[in-house]
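Visitor: Sequence:
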Amino acid sequence: MSLDLTAERLDDAATATRLRPRTRFPSVQAVLLGAVPALLLVVTLLTGCATRTDGTTGDARPAAVTDVRAIAGRWSGLLELPGHRQPEFVEMTIAPDGTYNVKGVRTIGVLDVQGRVEAVDGTLRFRGPRATATGQLYEQDARRTLVIDAKGDGGNRATVRLNPVR
171 MSLDLTAERL
181 DDAATATRLR
191 PRTRFPSVQA
201 VLLGAVPALL
211 LVVTLLTGCA
221 TRTDGTTGDA
231 RPAAVTDVRA
241 IAGRWSGLLE
251 LPGHRQPEFV
261 EMTIAPDGTY
271 NVKGVRTIGV
281 LDVQGRVEAV
291 DGTLRFRGPR
301 ATATGQLYEQ
311 DARRTLVIDA
321 KGDGGNRATV
331 RLNPVR
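Oh and the sequence shown: position 40 is 210 in this note's numbering, straight run, nothing missing.
If you are wondering where the hints come from, they were derived from the structure by calculation, not from laboratory data. Certain hints may be false.
Label pairs and their calculated CB-CB ranges [stated by the list, open to error]:
hint	residue 1	residue 2	range
1	V275	A234	11 to 21 Å
2	E250	T293	14 to 24 Å
3	G253	R336	13 to 23 Å
4	R336	A233	27 to 37 Å
5	Q310	F259	18 to 28 Å
6	R231	R276	16 to 26 Å
7	V280	P232	30 to 40 Å
For each residue, glycine too, the CB sits at the ideal point set by N, CA and C.
Throw the hints in and build the complete structure from the sequences for me.
Guide: As structure tokens, this is what we get:
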């Protein structure tokens, strides 16, 4: 049996399709149809580990702070400002006496703010020269995260998520 593969026969789309050899490899469509459910499963599983609205992950629980000395030390993390696409890196130093200093190099200048922090009813209250803030400490295993929501005297808001510097 001979196979006639002349140009005339291959011009016919139906014949070309019929003459295409079958392979044992799955088609692109079959691969994609199998990949979509797998991708959805991965996304669903990762969502369980994703950051929550309080800025922590997984099973982090609020931890009551009754004394500022419990959070004294250096912290670093990201400052998020509404309307800004990129968060900005900041470092905060909290002294055992309740004074704090926040420093960062911002897109539009340098951030250098001092103020006082106190523990009130398990949460933290910050007061700076032009803003006030509340803070909550979260703990998960040995990991600590300090989430601070600030409000400037002009009504501007910001959120800072910090972790201890080791």
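Visitor: Would you mind marking each hint as holding or not holding in the structure?
Guide: Going down the list of hints, with the structure as the test:
1. Between V275 and A234 the CB atoms are about 33 Å apart, so this pair departs from the stated range of 11 to 21 Å.
2. A hinted range of 14 to 24 Å for the beta carbons of E250 and T293 is consistent with their spacing of about 19 Å.
3. A hinted range of 13 to 23 Å is violated for the C-beta pair G253 and R336, which are about 32 Å apart.
4. Between R336 and A233 the CB atoms are about 18 Å apart, so this pair departs from the stated range of 27 to 37 Å.
5. For the hinted restraint 18 to 28 Å between Q310 and F259, the CB-CB distance of approximately 22 Å keeps it satisfied.
6. Separation of R231 from R276 is about 32 Å and departs from the stated range, judged on CB atoms against 16 to 26 Å.
7. Between V280 and P232 the CB atoms are about 32 Å apart, so this pair conforms to the stated range of 30 to 40 Å.
Comparing the model with each numbered hint stated earlier shows that hints 1, 3, 4 and 6 do not hold.
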